Amino acid sequence: MSDLETFRAETRTWLEANCPAEMRQPVRDEEDVYWGGRRAKFKNDAQKAWFDACLAKGYTVPAWPKEYGGAGLAPAEAKVLRQEMSRISARPPLSSFGIWMLGPALLHFGTEEQKKHFLGQIARGEIRWCQGYSEPGSGSDLVSLQTYGEDKGDHWVVNGQKVWTSYADQADWIFCLVRTDKENKYKGITFMLFDTASEGCSTKPIKLISGNSPFCETFMEDVKVPKSYGEGIPAYVGEINRGWDVAKYLLGHEREMISGADGGNTGTVGSAMSRHVAKSGDELDPVLRAELAMFDVDALAYGAMGEKFLDEIKVGKAHPAQPNMMKYAGTELNKRRHELMMSAGGSRSLEWESEETGGGKPSRNWLRTKANSIEGGTSEVMLNVISKRILDLPGA
Amino acid sequence: MPLYHDEDQAMLADTATSFMAEQGNIKDQLRHWRDRDCPDGFGHGLWKQMAEMGFTGMLVGEDDGGLGMGHVEAGIVLEEIGRNLTPSPFLTSSVLAATALKHGSNDLKGRYLPGLIEGESVFAVAIDETAKHRPSRITTRAERSGNGFKLSGSKSFVIQGASADMLVVAARTSGSDDDEDGITLFAVPKDAANMSHNSVRLVDSSMATHTKFDGVDLDGDAVIGEVDGGREVLNAMLTAGRIGAAAEGVGVARGAMDLTVDYLKQRKQFGKLIGEFQALQHRASHLYSEVEIARAAVIKAQQLLDGGSEKAELMSSVAKAKVARTAGLAVKEGVQMHGGIGMTDEYDIGLYMKRDRALQEFLGDAYFHANRVAELNGY
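Chains as they are written, first to last, in UniProt numbering: chain Y, 1 to 396; chain S, 1 to 379.
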């Protein structure tokens with residue numbers, strides 16, 4: 001047996017012993033996932049048991065090095081773990097922007113002490129992070145951001161406003177882009193980390209068309225951000241005034257994540273929807289069936305693309321602008337998926353508050369997907385990037 | 001296996017790219033033969049050169065004198081054929097017929113494979129009986145007669161049927177028209193008596209025949225595989241052919257896209273390069289995304305087939321449908337973005353549109369394959 005096959009067998013045994021049955025069901029909404037943080041509560045004992053087991057094994061962040069709280073898995077092993085978890089529909093033990101976004105940035109740009117300090121907290125789910133990128137008037141156009149941090153020697157005094165700070169109302173800390181040099185458009189931004197409980201920092205949820213409020217506005221009035229949290233632990237990632245490099249690196253990760261390139265966005269809907277329609281006593285309209293079939297073709301093809309993309313990234317074969325293409329295609333696909341699911345559900349899926357729809361999940365989820373092609377850079381911005389960086393079109 | 005070409009495959013791709021661009025290009029092949037009203041629709045000289053390159057027998061096993069390569073490798077050649085719109089019997093002979101002959105007797109292999117490997121022989125496949133691909137229904141019949149069979153019926157749109165030295169014919173030896181069982185595949189030689197071809201030129205300048213079998217006498221050893229058990233061989237042949245056609249279609253899509261993107265960088269209107277207009281940039285970028293995704297679907301299907309996975313069948317339909325949609329988009333956008341000159345015969349973009357149209361129909365269009373994806377997924 002190859003090492004990888006041994007690892008797969010061990011992983012199966014471990015999952016069998018440690019993943020509770022309640023955790024082997026697809027995630028239906030955010031409550032089904034543990035997000036960590038100072039105020040976090042487990043939904044039930046199974047969720048806690050699963051989290052504890054994964055934490056002990058380093059499986060909250062399996063691919064991170066052991067010294068930072070991970071399991072130090074090689075990419076091929078991490079893939080096996082993902083496959084095995086997905087085989088039994090295991091829920092992620094911990095979800096957070098710390099894992100998906102700040103973590104990769106720290107791993108790439110952080111100092112040794114900084115990594116030990118922050119990555120460990122993230123892996124243990126102690127601190128829940130939110131992201132402070134967008135501002136009113138500067139969405140995808142991040143270089144135009146206005147939030148300003150005035151240099152006061154050992155600290156900055158930060159003033160400004162962030163918007164679309166996802167789950168900021170439940171977050172403990174923020175990773176935030178702050179202008180620290182007004183003269184230089186690109187090289188005047190610093191990637192800062194600070195506690196949202198700091199004096200002068202406040203957050204207000206924004207109610208969305210889905211009726212939910214996953215996004216917030218975050219206001220900063222004379223917030224004092226120290227330049228360091230201890231020996232070798234700067235309060236910023238990378239270099240002062242070079243936060244743009246970090247932001248760009250991180251946006252690549254975000255786009256991959258939103259695009260579902262990791263395999264989360266490749267599911268077909270035809271068979272599930274046809275069963276759903278049949279259960280409600282209706283017949284599947286042949287034209288809808290045809291649309292579902294065409295969608296499934298696109299979803300399966302996109303699944304192959306996701307696999308190819310990850311394979312190519314591992315060996316440095318992917319074009320650096322390829323995440324933009326994945327983000328564009330993946331989010332448009334996901335919007336189409338939910339349009340079709342609404343159609344297949346018919347009037348039932350319109351119910352906004354009923355028990356049958358779990359409090360309007362189909363329609364709320366459908367509305368939520370409309371943001372996919374806006375957040376993390378709009379589809380139009382993605383197409384601009386492809387035009388410029390891949391197709392090399394003039395003036396793009 | 002990672003979803004990209006390994007080193008050997010990348011080397012083959014380099015070789016195939018330069019060979020097809022030099023020898024198989026539009027001016028020297030497609031236009032050349034078309035403008036001479038060539039009754040074959042392709043050049044035998046190039047076929048011979050492809051044999052010298054080792055392409056013709058790629059999918060033939062080493063024991064039978066071939067290279068024993070896989071569908072990823074055949075797809076590399078097909079993508080370049082598509083990109084250059086090269087008229088060639090590669091898909092019908094080296095992919096479809098070669099796949100069928102894998103299931104043939106040693107006698108059959110010995111009779112036909114050396115000619116294929118040498119580039120001396122050309123094979124066709126006769127499956128469809130109507131204008132749309134519908135292999136579930138086979139009405140052409142082969143009755144037992146003496147030591148062999150008597151073949152009666154007709155086949156439509158047999159690509160290169162009149163040029164072929166041998167036709168792989170799917171016929172019914174028992175059961176009724178729509179039965180899964182009762183199909184037998186035959187290798188019918190070119191000079192068989194009572195076989196007639198009505199040749200037609202298709203929109204892409206390729207030649208197809210409506211072929212009639214009016215009591216064609218066949219020896220028992222013309223049977224490929226098992227009598228009455230030919231459906232499995234037919235399906236294997238179709239899966240290989242569909243994945244091959246999808247690979248060629250990706251080449252057509254890329255060729256049309258490259259031509260169009262180049263044009264966007266050269267053509268000026270209103271004092272600007274038209275490639276500066278965001279309306280066109282976004283459409284070009286969308287097309288790029290679709291082409292990349294279609295390519296991924298094709299290589300996935302090729303690898304699954306080479307690996308003997310049962311998922312190859314589903315993925316062959318995904319690939320064929322996705323490519324049909326994508327190449328269709330590429331040629332439509334290509335002609336539109338070229339403007340008026342896109343409508344002229346002088347510019348190549350229209351040739352891509354014609355080839356794509358023919359390739360979409362071949363072995364099932366996007367509707368056929370999306371329907372099959374639905375069926376294989378149980379709805």
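There's no promise every hint is true.
[Stated by the list, open to error] Simulated crosslink set (EDC-like; lysine to aspartate or glutamate; CA at most 16 Å straight-line):
(1) Lys317/Y to Glu7/S
(2) Lys102/S to Glu232/S
(3) Lys317/Y to Asp6/S
[Unchecked claim] Here's a subset of chain Y near chain S, in silico, CB distances under 7 Å, partners left out:
(4) Ser274
(5) Pro286
(6) Leu288
(7) Glu291
(8) Glu312
(9) Ile313
(10) Tyr328
(11) Pro394
[Unchecked claim] According to the in silico footprint, chain Y covers these stretches of chain S (three or more CB under 8 Å from chain Y):
(12) 96-104
(13) 255-266
(14) 288-294
(15) 312-322
Hints listed in this document are in silico derivations from the structure and should not be mistaken for laboratory results.
Source: prediction; values computed, not measured.
Even glycine gets a Cβ: it sits at the ideal position worked out from N, Cα and C.
Right, here's what the structure says about each hint:
| no. | hint | in the structure |
| --- | --- | --- |
| 1 | Lys317/Y to Glu7/S | 13 Å, holds |
| 2 | Lys102/S to Glu232/S | 12 Å, holds |
| 3 | Lys317/Y to Asp6/S | 12 Å, holds |
| 4 | Ser274 | 4 Å, holds |
| 5 | Pro286 | 10 Å, violated |
| 6 | Leu288 | 11 Å, violated |
| 7 | Glu291 | 9 Å, violated |
| 8 | Glu312 | 6 Å, holds |
| 9 | Ile313 | 11 Å, violated |
| 10 | Tyr328 | 6 Å, holds |
| 11 | Pro394 | 5 Å, holds |
| 12 | 96-104 | violated (count 0) |
| 13 | 255-266 | holds (count 3) |
| 14 | 288-294 | holds (count 6) |
| 15 | 312-322 | holds (count 7) |
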